[in-house]
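Position chains G, D, H, C, U, R, A, P and Y against the provided structure of chain B, taking the given hints into account.
As a plain string of letters, each chain reads:
Number of protein chains: 10
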Amino acid sequence: MLFHVEMTVKLPPSMPAEQASEIKAKEKAYAQELQRQGKWRHLWRVAGSYANVSLFDVQDNAELQDLISNLPLFPYMEISVKPLCRHPSSIREDDS
Amino acid sequence: MLFHVEMTVKLPPSMPAEQASEIKAKEKAYAQELQRQGKWRHLWRVAGSYANVSLFDVQDNAELQDLISNLPLFPYMEISVKPLCRHPSSIREDDS
Amino acid sequence: MLFHVEMTVKLPPSMPAEQASEIKAKEKAYAQELQRQGKWRHLWRVAGSYANVSLFDVQDNAELQDLISNLPLFPYMEISVKPLCRHPSSIREDDS
Amino acid sequence: MLFHVEMTVKLPPSMPAEQASEIKAKEKAYAQELQRQGKWRHLWRVAGSYANVSLFDVQDNAELQDLISNLPLFPYMEISVKPLCRHPSSIREDDS
Amino acid sequence: MLFHVEMTVKLPPSMPAEQASEIKAKEKAYAQELQRQGKWRHLWRVAGSYANVSLFDVQDNAELQDLISNLPLFPYMEISVKPLCRHPSSIREDDS
Amino acid sequence: MLFHVEMTVKLPPSMPAEQASEIKAKEKAYAQELQRQGKWRHLWRVAGSYANVSLFDVQDNAELQDLISNLPLFPYMEISVKPLCRHPSSIREDDS
Amino acid sequence: MLFHVEMTVKLPPSMPAEQASEIKAKEKAYAQELQRQGKWRHLWRVAGSYANVSLFDVQDNAELQDLISNLPLFPYMEISVKPLCRHPSSIREDDS
Amino acid sequence: MLFHVEMTVKLPPSMPAEQASEIKAKEKAYAQELQRQGKWRHLWRVAGSYANVSLFDVQDNAELQDLISNLPLFPYMEISVKPLCRHPSSIREDDS
Amino acid sequence: MLFHVEMTVKLPPSMPAEQASEIKAKEKAYAQELQRQGKWRHLWRVAGSYANVSLFDVQDNAELQDLISNLPLFPYMEISVKPLCRHPSSIREDDS
Amino acid sequence: MLFHVEMTVKLPPSMPAEQASEIKAKEKAYAQELQRQGKWRHLWRVAGSYANVSLFDVQDNAELQDLISNLPLFPYMEISVKPLCRHPSSIREDDS
Numbered sequence: 038m039l040f041h042v043e044m045t046v047k048l049p050p051s052m053p054a055e056q057a058s059e060i061k062a063k064e065k066a067y068a069q070e071l072q073r074q075g076k077w078r079h080l081w082r083v084a085g086s087y088a089n090v091s092l093f094d095v096q097d098n099a100e101l102q103d104l105i106s107n108l109p110l111f112p113y114m115e116i117s118v119k120p121l122c123r124h125p126s127s128i129r130e131d132d133s
Numbered sequence: 038m039l040f041h042v043e044m045t046v047k048l049p050p051s052m053p054a055e056q057a058s059e060i061k062a063k064e065k066a067y068a069q070e071l072q073r074q075g076k077w078r079h080l081w082r083v084a085g086s087y088a089n090v091s092l093f094d095v096q097d098n099a100e101l102q103d104l105i106s107n108l109p110l111f112p113y114m115e116i117s118v119k120p121l122c123r124h125p126s127s128i129r130e131d132d133s
Numbered sequence: 038m039l040f041h042v043e044m045t046v047k048l049p050p051s052m053p054a055e056q057a058s059e060i061k062a063k064e065k066a067y068a069q070e071l072q073r074q075g076k077w078r079h080l081w082r083v084a085g086s087y088a089n090v091s092l093f094d095v096q097d098n099a100e101l102q103d104l105i106s107n108l109p110l111f112p113y114m115e116i117s118v119k120p121l122c123r124h125p126s127s128i129r130e131d132d133s
Numbered sequence: 038m039l040f041h042v043e044m045t046v047k048l049p050p051s052m053p054a055e056q057a058s059e060i061k062a063k064e065k066a067y068a069q070e071l072q073r074q075g076k077w078r079h080l081w082r083v084a085g086s087y088a089n090v091s092l093f094d095v096q097d098n099a100e101l102q103d104l105i106s107n108l109p110l111f112p113y114m115e116i117s118v119k120p121l122c123r124h125p126s127s128i129r130e131d132d133s
Numbered sequence: 038m039l040f041h042v043e044m045t046v047k048l049p050p051s052m053p054a055e056q057a058s059e060i061k062a063k064e065k066a067y068a069q070e071l072q073r074q075g076k077w078r079h080l081w082r083v084a085g086s087y088a089n090v091s092l093f094d095v096q097d098n099a100e101l102q103d104l105i106s107n108l109p110l111f112p113y114m115e116i117s118v119k120p121l122c123r124h125p126s127s128i129r130e131d132d133s
Numbered sequence: 038m039l040f041h042v043e044m045t046v047k048l049p050p051s052m053p054a055e056q057a058s059e060i061k062a063k064e065k066a067y068a069q070e071l072q073r074q075g076k077w078r079h080l081w082r083v084a085g086s087y088a089n090v091s092l093f094d095v096q097d098n099a100e101l102q103d104l105i106s107n108l109p110l111f112p113y114m115e116i117s118v119k120p121l122c123r124h125p126s127s128i129r130e131d132d133s
Numbered sequence: 038m039l040f041h042v043e044m045t046v047k048l049p050p051s052m053p054a055e056q057a058s059e060i061k062a063k064e065k066a067y068a069q070e071l072q073r074q075g076k077w078r079h080l081w082r083v084a085g086s087y088a089n090v091s092l093f094d095v096q097d098n099a100e101l102q103d104l105i106s107n108l109p110l111f112p113y114m115e116i117s118v119k120p121l122c123r124h125p126s127s128i129r130e131d132d133s
Numbered sequence: 038m039l040f041h042v043e044m045t046v047k048l049p050p051s052m053p054a055e056q057a058s059e060i061k062a063k064e065k066a067y068a069q070e071l072q073r074q075g076k077w078r079h080l081w082r083v084a085g086s087y088a089n090v091s092l093f094d095v096q097d098n099a100e101l102q103d104l105i106s107n108l109p110l111f112p113y114m115e116i117s118v119k120p121l122c123r124h125p126s127s128i129r130e131d132d133s
Numbered sequence: 038m039l040f041h042v043e044m045t046v047k048l049p050p051s052m053p054a055e056q057a058s059e060i061k062a063k064e065k066a067y068a069q070e071l072q073r074q075g076k077w078r079h080l081w082r083v084a085g086s087y088a089n090v091s092l093f094d095v096q097d098n099a100e101l102q103d104l105i106s107n108l109p110l111f112p113y114m115e116i117s118v119k120p121l122c123r124h125p126s127s128i129r130e131d132d133s
Numbered sequence: 038m039l040f041h042v043e044m045t046v047k048l049p050p051s052m053p054a055e056q057a058s059e060i061k062a063k064e065k066a067y068a069q070e071l072q073r074q075g076k077w078r079h080l081w082r083v084a085g086s087y088a089n090v091s092l093f094d095v096q097d098n099a100e101l102q103d104l105i106s107n108l109p110l111f112p113y114m115e116i117s118v119k120p121l122c123r124h125p126s127s128i129r130e131d132d133s
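Protein chains in written order, with the numbering used here: chain B, 38 to 133; chain G, 38 to 133; chain D, 38 to 133; chain H, 38 to 133; chain C, 38 to 133; chain U, 38 to 133; chain R, 38 to 133; chain A, 38 to 133; chain P, 38 to 133; chain Y, 38 to 133.
If you're looking for bench data, these hints aren't it; they were derived computationally from the structure. Possibly wrong hints are sitting among the right ones.
Heads up, simulated DSSO-like pairs for lysine-lysine below, C-alpha to C-alpha not over 30 Å straight-line [to be verified]:
hint : chain 1 : residue 1 : chain 2 : residue 2
1    : B       : K47       : Y       : K63
2    : D       : K76       : G       : K47
3    : H       : K61       : U       : K47
4    : Y       : K63       : P       : K47
5    : G       : K63       : D       : K47
6    : B       : K47       : H       : K61
7    : D       : K47       : R       : K47
8    : H       : K47       : B       : K63
9    : R       : K47       : A       : K61
10   : Y       : K63       : B       : K61
11   : D       : K47       : G       : K61
12   : Y       : K47       : B       : K47
13   : U       : K65       : P       : K61
14   : Y       : K65       : B       : K61
15   : Y       : K61       : Y       : K76
16   : B       : K65       : Y       : K47
17   : P       : K47       : P       : K65
18   : D       : K76       : G       : K63
19   : G       : K47       : A       : K63
On the chain C side, residues computed to face chain R include the following (Cβ under 7 Å) [claimed, not checked]:
hint : residue
20   : P50
21   : R82
22   : G85
Quick list of the computed label-pair ranges, beta carbon to beta carbon [said to hold, decoys possible]:
hint : chain 1 : residue 1 : chain 2 : residue 2 : range
23   : A       : A66       : C       : M52       : 34 to 42 Å
24   : G       : P49       : A       : K63       : 21 to 29 Å
25   : B       : E55       : U       : S106      : 39 to 47 Å
26   : D       : E130      : Y       : K61       : 52 to 60 Å
27   : B       : E70       : P       : K65       : 42 to 50 Å
28   : B       : E55       : H       : D103      : 42 to 50 Å
In this text, a Cβ means the ideal position worked out from N, Cα and C, and glycines have one as well.
Same shape as in the complex, but just chain B:
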């Protein structure tokens, strides 16, 4: 089941550089592990911003909540979620 997720990172200017680097490294490892598991199906940068557009493929709402709330950057992001489903005009069987 697909969800469209937009994340905008807002790190507080007072966060020490070392702490920021550590969180970002954990975020990257976590994001890549979820991609390998097929749960984070797409991950794009929005050009000109510190934001991404993502597609999650999960069992249900509870798994979505579990995956997102464990993002290392979760406390520092504005996140919006939209449930998706197959579009009647889509020609791809494997894209919903």
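Frame of chain B; chains G, D, H, C, U, R, A, P and Y shown alone:
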């Protein structure tokens, strides 16, 4: 080059049903043709709405404008566009 | 799987009273049938408005889209959707 | 009498982890006590967020204010309130 | 129990003047009857607008919905509702 | 002359509790003094919030500015002001 | 007593040109009469728009409501009002 | 003197196609004439929309108002204006 | 050439009182000097706020930027600017 | 390929003056280097603000992201991006 496009359809209530059906049929054919050409890479319905989230893969901004402004439903949609690029944490070579 | 749905009805002032009555009657029958099936779990009026707050219990996003897009008032409503899941502080096993 | 309440938690990044844990534990105990009393009738997590949707069942506006303003997280939340009442299409006698 | 209600009138420009006059006359009679009953406790014009600020004194949310949804101008107004209660700094016993 | 004033308190989380208590005590004394003078005619709590709805009765705009800008909580509040006048449907001579 | 008033004209596209001309002529005459009386103290066009910024000098809120609600274009304008008073840094005695 | 102008075209769906074509042709001729005069310095399409971003080079605010309010599409556009000036980091002498 | 400028002051709560007083004194001196020069033509307080509405009379956009960016409170204000010109219904030759 | 970029600088008030100066100097050098390379085609100050309007001319979205995310002020700016293309009414061959 990828663009994230959200489209929300707002047909005027006064449009005759026959005219609406005709425009929607043209829209569907057009959308499927662009998908077959690889230019309209993803097309998802936003659940609970008359809206979609799409990914376009185009040569440049001019082609994006050309494809979108020729949508049969173009005069009846609210459309927002975001340029996308590869995310540094993405593990997929073929997704940007 | 639960979804939180808010619906605000915006009938065009030009709609004849008879047509409005007919659509509302169909909407009521449809809403009551979905409640009997357990898919429309809660339905409340927002006091002082022509709007409701609803809880849907569906298999997946596709079923949510199917149920909502078939609402007789669908073309005349502003609808917003939020996916829900169990809250860690909830004491009810049967409410998510 | 039912009220629809949405709460979004915004803890300041500078709050020490121990203090945050303590407040959250108090919040959880308080929320569960109100649920046992039947005053906090529903409590759901909004998937992908640090927010909840709740239904309160209170005597009057004054009790609503009393219950909400005593939430341990009250100073750190954005809260919106909507009065609810029975929907004419609801089939449940016990849900308003 | 008090509710704060703001109403902004948006009559469609296409409404015939006679019909508008008739609705406004009914609205005035209805508003004055509710004031005499003590249910519509205050009614002020917002200077420079076709809007009012009102205080309703009702038994519960259901009565509020009943009174507001029967306003002759209801289909032509934007309405926002806020539940009120006694302020701890108020010196008036009879104002909540 | 009546003005409708909404005030939402936003105390910075870093303010020491003692300082907050002192400001609130001064605010309460000031609010009660203005009520006794008849200048702060109504004061209601918005249920579920740290906000109030108030009615001021002043000589002119300058007095309104004087009263509001001297509120002890003035630097910590979001305040919106609307001028009011008698509504043509009001039945009360003494309420404008 | 001064009020800052912004007016944006939104004539419905379906209004016949003759009717529009007639309303605009009445509006102009009315605006000039109020200026001659000293009640409409300033009237500026916002460059690049069909909007104005105005300063009204009135006895009280009731007179403001009377003057604005009688504007021939009143049903076709979005209007916002702000009460003004003397600024402590102003050097002009005659400008408040 | 430069002004940044954004224009979004909102033609009413009920406008006959012939009338729309005529207005658009006049708009094009007008826009090209102003470009030749050097007053409409830049004109870009916002990709994926029926909108443009423009730079006007005018004597003063009055000329800006004159040029914009005479656009054939003026009654059918949402227009926003920002005054521009030389940026201290600009390396171009001829671009402000 | 006239510009309409609205300024809302947002001093950070952490600013020491002495520093705030010093900046405000400089702002007052600066504002009065510009008024004496005729460049800051009007300055009004918005009643019930820490905000002003001002009219600047400048040679061009560059001078406007110069005057505003040198305000001592500039880093602590939200500022919005609108270019003004003579309104066709204005009866004053000396007010644009 | 052209992109329209608006940047608004929001330096935290707590940033030491020396650090701010250093970042601004780096930003200026970076902006001028990109202008010399032809990638930052236009750079204007929005009069009365700490903001700019810019035109970037880049190979693709990825280069846009690269240039913007390396701005020394990037962590302290609100940035919005719009893809541009040739307008059908433009008379300039060299402006898209």
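Going through the hints against the structure:
no.: 1; hint: B:K47 <-> Y:K63; verdict: holds (22 Å)
no.: 2; hint: D:K76 <-> G:K47; verdict: holds (27 Å)
no.: 3; hint: H:K61 <-> U:K47; verdict: holds (21 Å)
no.: 4; hint: Y:K63 <-> P:K47; verdict: holds (28 Å)
no.: 5; hint: G:K63 <-> D:K47; verdict: holds (28 Å)
no.: 6; hint: B:K47 <-> H:K61; verdict: holds (23 Å)
no.: 7; hint: D:K47 <-> R:K47; verdict: holds (21 Å)
no.: 8; hint: H:K47 <-> B:K63; verdict: holds (22 Å)
no.: 9; hint: R:K47 <-> A:K61; verdict: holds (21 Å)
no.: 10; hint: Y:K63 <-> B:K61; verdict: holds (25 Å)
no.: 11; hint: D:K47 <-> G:K61; verdict: holds (23 Å)
no.: 12; hint: Y:K47 <-> B:K47; verdict: holds (13 Å)
no.: 13; hint: U:K65 <-> P:K61; verdict: holds (28 Å)
no.: 14; hint: Y:K65 <-> B:K61; verdict: holds (28 Å)
no.: 15; hint: Y:K61 <-> Y:K76; verdict: holds (20 Å)
no.: 16; hint: B:K65 <-> Y:K47; verdict: holds (27 Å)
no.: 17; hint: P:K47 <-> P:K65; verdict: holds (16 Å)
no.: 18; hint: D:K76 <-> G:K63; verdict: violated (34 Å)
no.: 19; hint: G:K47 <-> A:K63; verdict: holds (28 Å)
no.: 20; hint: P50; verdict: holds (5 Å)
no.: 21; hint: R82; verdict: holds (6 Å)
no.: 22; hint: G85; verdict: holds (4 Å)
no.: 23; hint: A:A66 <-> C:M52: 34 to 42 Å; verdict: holds (39 Å)
no.: 24; hint: G:P49 <-> A:K63: 21 to 29 Å; verdict: holds (25 Å)
no.: 25; hint: B:E55 <-> U:S106: 39 to 47 Å; verdict: holds (45 Å)
no.: 26; hint: D:E130 <-> Y:K61: 52 to 60 Å; verdict: holds (58 Å)
no.: 27; hint: B:E70 <-> P:K65: 42 to 50 Å; verdict: violated (59 Å)
no.: 28; hint: B:E55 <-> H:D103: 42 to 50 Å; verdict: holds (45 Å)
In this structure, the earlier hints numbered 18 and 27 are contradicted, and the remaining ones agree with it.
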